[in-house]
Amino acid sequence: MKAGGAWPSLIWMCVACALLGLSVGMLDSVAAQQPTVPDVRVSLVADRDELTVGDLLTLTLEVTHPADHVVVLPKLQPDWGPFEVRTQTSARTVATGDSNWATHVQYQATLFTPGEFETPVLFVSVRTPDGITMQVPVPAVRVTVRSVLSGNDDPLRDIRSHADLSKSFWERPTTRVVAVLFALAVLGASAFFVLQRRRRRETPSEQALDTRTPFEIATQDLDRIEQLDLSGSGNFVEHYTLISALIRAYLQAMYFDETDGLGTERMTTDEIETSLRLSSLEPGRYGLVRDLLIEADVVKYSGYVPPAVEAREALEKARAFVYQDMPQSASPPGEGAPGGQEAPA
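For the sequence shown, position 292 (counting from the first letter as 1) is numbered 292 according to our numbering, and the numbering increases by one without interruption.
Source of the hints: derived by calculation from the structure; they are not laboratory data. One thing to keep in mind: the hints can contain errors.
Stated by the list, open to error - In silico DSSO-like links for lysine-lysine, alpha-carbon gap of 30 Å or less:
| hint | residue 1 | residue 2 |
| --- | --- | --- |
| 1 | Lys-317 | Lys-300 |
| 2 | Lys-317 | Lys-75 |
| 3 | Lys-300 | Lys-75 |
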């Protein structure tokens, strides 16, 4: 080989090495930017890696985390990529025995197309004790879907012969039987429909329209929670669950459009706070709602047992938030009957 012909090859080898080093550096940079949370482990496990079209696949999402971390697991839409989600359980948190907690949820989904599939991108929200919320990615799971047809399930078949039309419609026994059964079914359905209409006319409707305002509904629910005294009996999870449901229902009725979004009962605390910034709620009230909902999430999902005094204070915070929208005709809390209700005449 001539000395002059070796120079182009040497130059191209140097350029290729430089590009390779740059690519490795970029990959290391991207990997360094992935969100990580110390002592938090996320896993997604399928009950099998091979199934048939239409079979149910059970996926278990589990997050192992310290007790002072709050984990919010995602709620999947019915159409989750190529997967069709049938059912999903509520998130449950249990102690693992090594000073950590495990929060898990199960999804049941199915696939209707043969081939190799991978679960779509999914994230878990983790809130640390210092108030920082991070989105941790969920590892993907690969499954193989087999067709219900085998190699001999679809052979060529002979064309069927023409139907015998030599006999008239009523001369065929099978046709007569089907016609008679159809007529009896129509008569039976008609008689049932007529009887149901008569019963509805004779029996007055017992359902009365609820004419209470959102403020009246919320204050009555607050009084009911106070009378249950769940914090006094140590039922803190149920106590905070009722408070969180009350606040979410009140926000939905007062500050959210019923046609927008998924509804506050299916939104996370961060999603509610973001939506409230676009609503008519005064900015000074965001903090009270956020702190109250976060406190409820910690008790419900992390196993934290608050003092009874703190639980009662949470109910009073909810009452204070609701009474900031009090109509002029209502009595403020502390006046009239207990619980802020107007005293009877």
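Within 30 Å, alpha carbon to alpha carbon, are Lys-300 and Lys-75?
-> Holds: Lys-300 and Lys-75 sit about 17 Å apart, inside 30 Å.
Does Lys-300 lie within 30 Å of Lys-317 when you go C-alpha to C-alpha?
-> Roughly 18 Å between the alpha carbons, so the hint for Lys-317 and Lys-300 holds.
Restraint status (C-alpha distance of Lys-317 to Lys-75 at most 30 Å) = 28 Å, holds
Of the hints listed earlier, there is not a single one the structure fails to meet.
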